[in-house]
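J.: Could you build the full structure based on these sequences and the hints that come with them?
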Amino acid sequence: MPRAPMLWLVRSAMVAFYPRTAALPGLVDTGIDAYLRQFRSETTALMWLGVVLASLLYHLTPLFTVFVPLPAFLLPASLRDRHTARIGDSNLYLVKQAMLVLKLPAALCWAKDPEVRRRFAMAPYPPDPGTWRTS
Amino acid sequence: MSGAHVAYRDRGEPTFEGEADYVVVGSGAGGAALASWLARAGASLFVVEAGAWRDPEDYPSSAYGSMRDLMDDWGAQLAMGRAFWPIVQARTVGGTTVINSAICVRTPADVFDRWEKEFGIGRTGGKGRLADRVWRHQDELERELSVEEVPPDARGRSNVLAMKGATALGYDSHYMRRYVKGCAGSGQCLQGCKMLRKQSANVVWMPEILERGGTVLSCAPVRRVLFDGRRAIGVEGRFEHPSSHRLGASFRVRAKKAVVVAASVTHTAVLLAKSGVKSKALGRFFRAHPGTGVFGVYDEYVDQNTGATQGWASTAFRDEPGLKLETLHIPLDLVASRFSGGGTVLMERLARYRHLAMWCHSVRAESVGTVRPGLFGKPVVRYGLDEADMRKFREGMYLVAKTHVAAGAKRVLPGISGLPFELGADEIERIREGPLDPRAYIAILSHLFGGAVMGTSPDRSVTDGSGRVLGYEGLVVADASVIPSVLGVNPQHTIMALARCFAEDLLEG
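Chains as they are written, first to last, in the numbering used here: chain A, 1 to 135; chain B, 1001 to 1509.
Since the hints were derived computationally from the structure, they do not count as laboratory data.
Note that this is a predicted model, so its numbers are computed, not measured.
Any given hint might turn out to be false.
[To be verified] In silico EDC-like pairs for lysine to aspartate or glutamate, Cα to Cα no more than 16 angstroms straight-line:
#, chain 1, residue 1, chain 2, residue 2
1, B, Lys1194, A, Asp128
2, B, Lys1257, B, Asp1021
3, B, Lys1257, B, Asp1505
4, A, Lys96, B, Asp1437
5, B, Lys1280, B, Asp1464
6, B, Lys1127, B, Asp1464
T.: What follows is the structure, given as structure tokens:
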């Protein structure tokens, strides 16, 4: 579990979007903590800023989705799930775009997990070498 | 004679200096096609590429790795209008040829008719009609790059279903012809073909350029073109580390004969503007083929991740309403964020991934935008679709949905705000009532044109019909920036053949 508050907020918002279900592993099962540290160090500052702002938007809007004046991280699980579904389905353009920015890196982590891929009959991804020709 | 590859050099190392007949900025479809032609003619040259050189063994496997290692700006570059639509371009040696589906379509005759009528580009010097020259090069390119139709065992279920749907509806369609030699159907076009089947520029032409004595600078974004009066004499910039993006040593490369800019539609016009090139048309007439996908939900497994990423297409609607239809199999990694919703609802939607096929359209849009330098010199694209193009866009989605239903899909997922997440086979007419607001749709711009368009009028064009920048000497543009109209077909074949024509013109002085 990350200690930095911003990282914790981002993580909790992402995990809420991809919860564990009977059919599929959730984001929480896929090494999200190491992934988030890697993502923060490798992505652009602008992208990371977008993810943080989108997480804040996610946590601060339950009043408008489930009509409860609490941040999302304080909601009971079932209510948080309803908030997540509603904000994820929002027709307000900027909200929709913000949630896309939040979901994209979360989805990249979730879907490359070997167990998730196995459930969809896909072989695990080989590692991304991150190498290039140097001479 | 063998040339050299110069990769990232750290700060503190001396400025890299070089000189050759030609300096080519960018190593994608345009830059590499032109540079290989010059190299074959014995010219000395530098190819200067902003991205790193990644061979197939360096290619990433996951979509995360692809965005990090191969995409320009993590794929997060946006066209800004009423809606923000992503622009998909690579930043690597080989450019977008590394990550695209290598689709080969000859330039339609009506494109040249339009260029001649509207832009005065038809004949180039004493070398005959541009159309004939482009088609001749396209013949050669098809042989050179082993163009072939997607073989039956690499088609995958989704491409076969699309053919079934089109056949049932009675419209013309085909399995694609691509620059792919013996496709293995690994479904990894977007991450670069590790199987070495795709004939991308980094695999085919850049090694040839080295063998013929050319020099390739990678990790080397050009900051500006250097001039002596109105004559381009070279380029300069600083190396950039491919993973940390830390700036390294400076480089300066001089051109004895010409500087060729082929840095992509978003970067070429911006580089010219930052270098002080004066032209009323610079950065204007940006155009694109915007597109989006519609998922079909089938009873059987489709497993769209297997088979050619793009293997089927139809140009039956190119003239009316102005669309191209094609398959595009996007990985689970991207489907998982593209679907609306969240929480258990989203997970239930994703659980059906094996039953989904995504097919898409791209619109032959007439809307026009701009590309200009923004904050920190990054390209800013302003572009949106007018109502007529939005009608085509919406109709394209309906046609894709109709094809899914004809192929046996029980439901379709249109991804339109304001409509239900799923529509039954008997409900797809509702797509035609969808909003004309671009913000209601999830789209991308994959084929870009303009920003430094060809023509005869300095008010409306930046280059002449040979890519030479008007009012300057020794400065040529050789990528899709010069293309003054949309094509209505995949542009790579046109870009490469045009670049070869420009190379011929350069060699003839």
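J.: Next, verify each hint and record whether it holds.
T.: We went through each hint and held it up to the structure:
no.: 1; hint: B:Lys1194 with A:Asp128; in the structure: holds (12 angstroms)
no.: 2; hint: B:Lys1257 with B:Asp1021; in the structure: holds (5 angstroms)
no.: 3; hint: B:Lys1257 with B:Asp1505; in the structure: holds (12 angstroms)
no.: 4; hint: A:Lys96 with B:Asp1437; in the structure: holds (14 angstroms)
no.: 5; hint: B:Lys1280 with B:Asp1464; in the structure: holds (14 angstroms)
no.: 6; hint: B:Lys1127 with B:Asp1464; in the structure: holds (15 angstroms)
In terms of the numbered hints stated before, the structure departs from none.
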